[in-house]
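S.K.: The chain contents come next:
Number of protein chains: 2
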Amino acid sequence: MQIKEDNMKYLFKPRSVAVIGASREPGKVGHAILKNIVEGGYKGKVYPINPNADKILGLSVYKTVSDVPEDIDLAIVVVPAQAVLDVMEECGKKGVKYAVVISAGFKEVGGEGIEREKKLIEIAKKYGIRVVGPNCLGIMDLHTPLNATFALMPRTRGGIAFVSQSGALLSAILDWAPKVGIGFSKIVSLGNKADLNEVDFLAHLGEDPETKVILLYLESIVDGRRFVEIGSTVTRKKPVILLKGGVTEAGAKAALSHTGAMAGGVTALKAALRKAGIIQVTTLSELFDMAIAFNSQPIPMGNRIGVVTNAGGGGVIASDLLVSKGLRLAELSKHTIDYLRSALPPVASIYNPVDVIGDAKADRYRTAIEALLRDQNVDGLLVILTPQAVTEPEETAKVIIQLSREYSSKPLLAIFIGGEKVEKATKMLIENNIPVYEMPERAVVAMLGLASYREFREYVTKVAEHMEIFDVDKERVLEIIEEARKQGRKVLLEHEAKEVVKSYGISVAPTKLAINEDEAIEIARRFGYPVVLKIASPDITHKSDVGGVIMNLKSDEEVAEAFRTIISNVRRYAPTASVYGIVVQKMVPKGREVIVGATKDTTFGHIIMFGLGGIYTELFKDVSFRLTPLTLYEAREMVAETKAYMLLRGFRGEPPADINSIINVLLRVSKLVTDIPQIAEMDINPLFVYEEGVGAAAVDVKIVVE
Amino acid sequence: MQIKEDNMKYLFKPRSVAVIGASREPGKVGHAILKNIVEGGYKGKVYPINPNADKILGLSVYKTVSDVPEDIDLAIVVVPAQAVLDVMEECGKKGVKYAVVISAGFKEVGGEGIEREKKLIEIAKKYGIRVVGPNCLGIMDLHTPLNATFALMPRTRGGIAFVSQSGALLSAILDWAPKVGIGFSKIVSLGNKADLNEVDFLAHLGEDPETKVILLYLESIVDGRRFVEIGSTVTRKKPVILLKGGVTEAGAKAALSHTGAMAGGVTALKAALRKAGIIQVTTLSELFDMAIAFNSQPIPMGNRIGVVTNAGGGGVIASDLLVSKGLRLAELSKHTIDYLRSALPPVASIYNPVDVIGDAKADRYRTAIEALLRDQNVDGLLVILTPQAVTEPEETAKVIIQLSREYSSKPLLAIFIGGEKVEKATKMLIENNIPVYEMPERAVVAMLGLASYREFREYVTKVAEHMEIFDVDKERVLEIIEEARKQGRKVLLEHEAKEVVKSYGISVAPTKLAINEDEAIEIARRFGYPVVLKIASPDITHKSDVGGVIMNLKSDEEVAEAFRTIISNVRRYAPTASVYGIVVQKMVPKGREVIVGATKDTTFGHIIMFGLGGIYTELFKDVSFRLTPLTLYEAREMVAETKAYMLLRGFRGEPPADINSIINVLLRVSKLVTDIPQIAEMDINPLFVYEEGVGAAAVDVKIVVE
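These protein sequence lines map, in sequence, to chains E and R.
For my numbering, add 36 to where a residue sits in the first sequence, where the first one is 1.
For my numbering, add 36 to where a residue sits in the second sequence, where the first one is 1.
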């Protein structure tokens, strides 16, 4: 793993930094960066590089990096694009370890920029320089401290690392951060990600003791599989929150399978994040509201939340939101309720949400907050304050600060609604590391983040457990696919597709290709009547529509006649279709119909789908998805989270279906697409599922290869 | 309607105000209110009432209202609860028109408080005084100006009216409002709503020329039907936005029907708001973010939104959110694209979202904004600014202000992300009535509000169209229900329930009660074979479970035997059940199964349900709801918005079902429960729907009366 090869020490905590393209002119980026490094309090050596200057900001300037007498760990490159490659060569010769290339004019401009970026990577590889950017804002480490960007570094430092693929957004967030008291540890502007990308930083930040929570704003993910792999390692240690830009692009690919059609653009991302234990948010507010909570608060032991308020309405709104987001309103213990009854005024509400009512001063808040923090039925607490006649915002803030320290194992989030009257108290809370929000909804989202992380962390551990290996005939599958490839077919014929899944241990309704009537009769006799005949043609997707299917054939004569009828139907309705023969399929007993499928996402690879089969499949879209490779735990979950599960468990007096056989098929399909990555899409639809212990049989199988 | 009887002129714009309980002590509410009235700039006459003072704040004090020499339009009552009734009597004798009772100690404290509130209403009625409160914060009219509350009045006035059932929340919002530049018209704290309630204020504010948008925070709705009726009148003129507290309470009532079971606590509210055209939000941010937009911006002609940004990431996030919320990214006209290609730098993105890129100054913003506002494909515009090296926040704000005025028919919302660097520009925008948000998500919600209102306004007009009257036999239904009532039954027997719906013109499978074998045979012969026999007992809900149903009987002998078998089964499996006989039902041809039902909500009255029938009904909950009385337009919508609609229109080659007959049944059920309000729950499940033109038949009907 990247993390062992390269611990990024000399990127974030370099002993020396060269600013190549340092400028004397205050308006220039090359000046701003040098100034930021110096004024940001960096304690290592700084070498401005500029062929036309002697001194900048009092520092001696060198004409090139080669002229610098000592070693350079990190080079910040701000020269025009045309000069970058030469500069990189010099850096390589000098033994520079990291380069942050701020300069634009690479892949993002197209044309020669793409070529230039390729060369940049070549040079970096040749010399072993690791590169951030190009076309980026730079990096910051607030603990070093090092501000190698042209934006101002926020004064407050903390445990929040932010990795952003948008430099502009980053600069706006850096300007906004002090307003809400966000404490950053490290800031990374990814730029074009020519070399170091989100996965490298994710791995590093996962190990970084100064970082408590990792925020990602990404518009693309370079290596989806590695992202999931590293992600699931990191999230066992600390939370990772992703805001993914570009999620709603109409990813309407022309799918040939039900699975492909139902797996929209976001399906694979969701499946991947689930596997990685990464929290996904859709807004910047959510990203930072959660981050602030993670930065200072512990992870709750559960999702039972207490609410203390001096405004009934605030408590009601917070409770509604808590419940609607899947958190629970804590049921206070009898002890707590009895205590509150004796300690609070009679008109106060002593059940959760606890309303200390409008005339509550700080001491009454103390009574309620402490009682709830002590209650074992409370996993986390929201404290709402609205400024009323006798309210003591600052005194109450002090109480919150003190009790939060005293009961440090439970997260406490404050909600101070108001303007001038709560301004000072809000500042006090921020300075004392108590997350404070101006509206209930924002604190609820933050609490949801904390509680979700606890679940996710448990989940990645569960999910990671053992993956069984099966006896499979991979060679046979490769032969079948190779044969289709030779014939220029991307869609396997039905009997081929069935043989593929059979080779992976999945029961199929016996099916064989016949090229004439006699063969068809012979196969039918061998299978035993009744049988079905279906046209075998790569050009016919909907066989029934051209009269290409005849069911329930019970004798040799019926088979012979059906054979002729199908051929004649197809000649009439699909005269140009290339016909390979007719498949004979044994009719199997009807079971409950489900679908099992797989499709390949360009970023994350294969995802597996399970759902209700038959005509309801696409109508109700009652399906679940997981990223391969599927574990037993995930396969079970996939079945259990669909509504079809209710039917399968035995609905309205029906006996339960063989759910284990479905799980078996899911795991085998996962194994199949993992072994044979050239499978682009596949459906087993319907898979007939029989009663418990009887098993399941694939009745129709469709496989599309790349 | 309320609005004609009482236009509230003397509440919000009184010629004279008495403060009963005015106090000299600055800490007291009775002082704060008087001070607020005087310092708030009220221009009418102010009479402090206090038996123990001569002058307060320089005003002459009267011992009682009777002592005041002139007429009093409005009395603000702040005396202790015990004194309120006497004070009200005096007000009545004096001819006071309105009383705002601030004092607490009424219904909210229980016990004698409830009694006191009853008496308060009696006195008010006796004298014709209209009352706000008791137990409230008071009222404000920023245009009068009149601040009859003990909170400070925000300096900025505008077109936003806020009616709140939580006084504490209101006081926090009033403190918070100046921070974000919210311009209120009127503020109402509802308190206990002993007399004037949300509907009265909704009606008044709907006619108030100073109010552009009405915000409601409600925890209860007093008269649901009138709320919907007045609401739908008001929303044709101006937007109404509701934040409803207490929506997630587990309203798990013990339902006897599918419809009752599937209509959760929020179902009726949603149906009601839809009918009234009221926008529902779930957070305070949404409430005010939308309000700010409505206060100054026009309603867009459609939902095609343009985005101009200097940060790619901001544009991406805004676009994702727009699309995920059901708005559309405008497709710019060829003319606009060509123009932008020539006018913007080559690396800018000239398609929507238009990225003017990081080095954009105000003039480049002007180019892009003006081009988009001119484009007929753009209905509304978001302008995103992030502070970067050469960005000109204030100059850009000026451009926005100017262009927004010039192109005043399209809403323009600004998003300035940042802190210090955008502070001044943000203030400029606020002062010039341009809605500005610090994060994209908030502007998107606001734009969604604007676009939704356009749709809702159109919708209330459409929905209100004609409601047909049917030939129905109401008397017969009342007889059947009276008969059941006499026998102490709440659940009608199957043949009774079928007769009820038949009396309202709905086709039913012929069904009749037989009390012995001979009668059963006679009925079966009359209906024609085959028939079904089912036990008739008010104590047996699931007839099949006790062997109480035998299907497909084809002869006299089979009917006789089935009769005996059922009787014997029921004796064995439900020995205590009271048996009324056995119903004989003609077996009707199988059709597509749907459910039509109704249930009664305590606040809003009856709602009608439509959905997929059979075993999938509760599994997929593929159902739609509307409030009665149902219009033709709504009935059509109900069918069309379910997934069942796909099946009914003809799925996979099936012929289309008789959708008109479903609509007919829906309208007749609506008429039935409107005429017979004692019906608490009912299901027609399944209703068999046949091919187009063939009709539909109710196969099983359940009716529960109160």
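Hints should not be assumed to be uniformly reliable.
Because identical chains cannot be distinguished in the list, a pair is counted as satisfied if it fits within a single copy or across any two copies.
[Unchecked claim] In silico DSS-like pairs for lysine-lysine, Cα to Cα no more than 25 Å straight-line: (1) K397 to K64; (2) K738 to K579; (3) K71 to K397.
No wet-lab data here; the hints were simulated from the structure.
S.K.: Is it within, between, both, or neither for K738 and K579, if the alpha carbons may be no more than 25 Å apart?
M.R.: within (12 Å within a copy, 44 Å between copies)
S.K.: Is it within, between, both or neither when you check K397 against K64 at 25 Å Cα-Cα?
M.R.: between (54 Å within a copy, 16 Å between copies)
S.K.: Between the shortest in-copy and the shortest cross-copy C-alpha distance, which are at most 25 Å for K71 and K397: within, between, both, or neither?
M.R.: between (49 Å within a copy, 24 Å between copies)
The earlier numbered hints are all upheld by this structure, with none contradicted.
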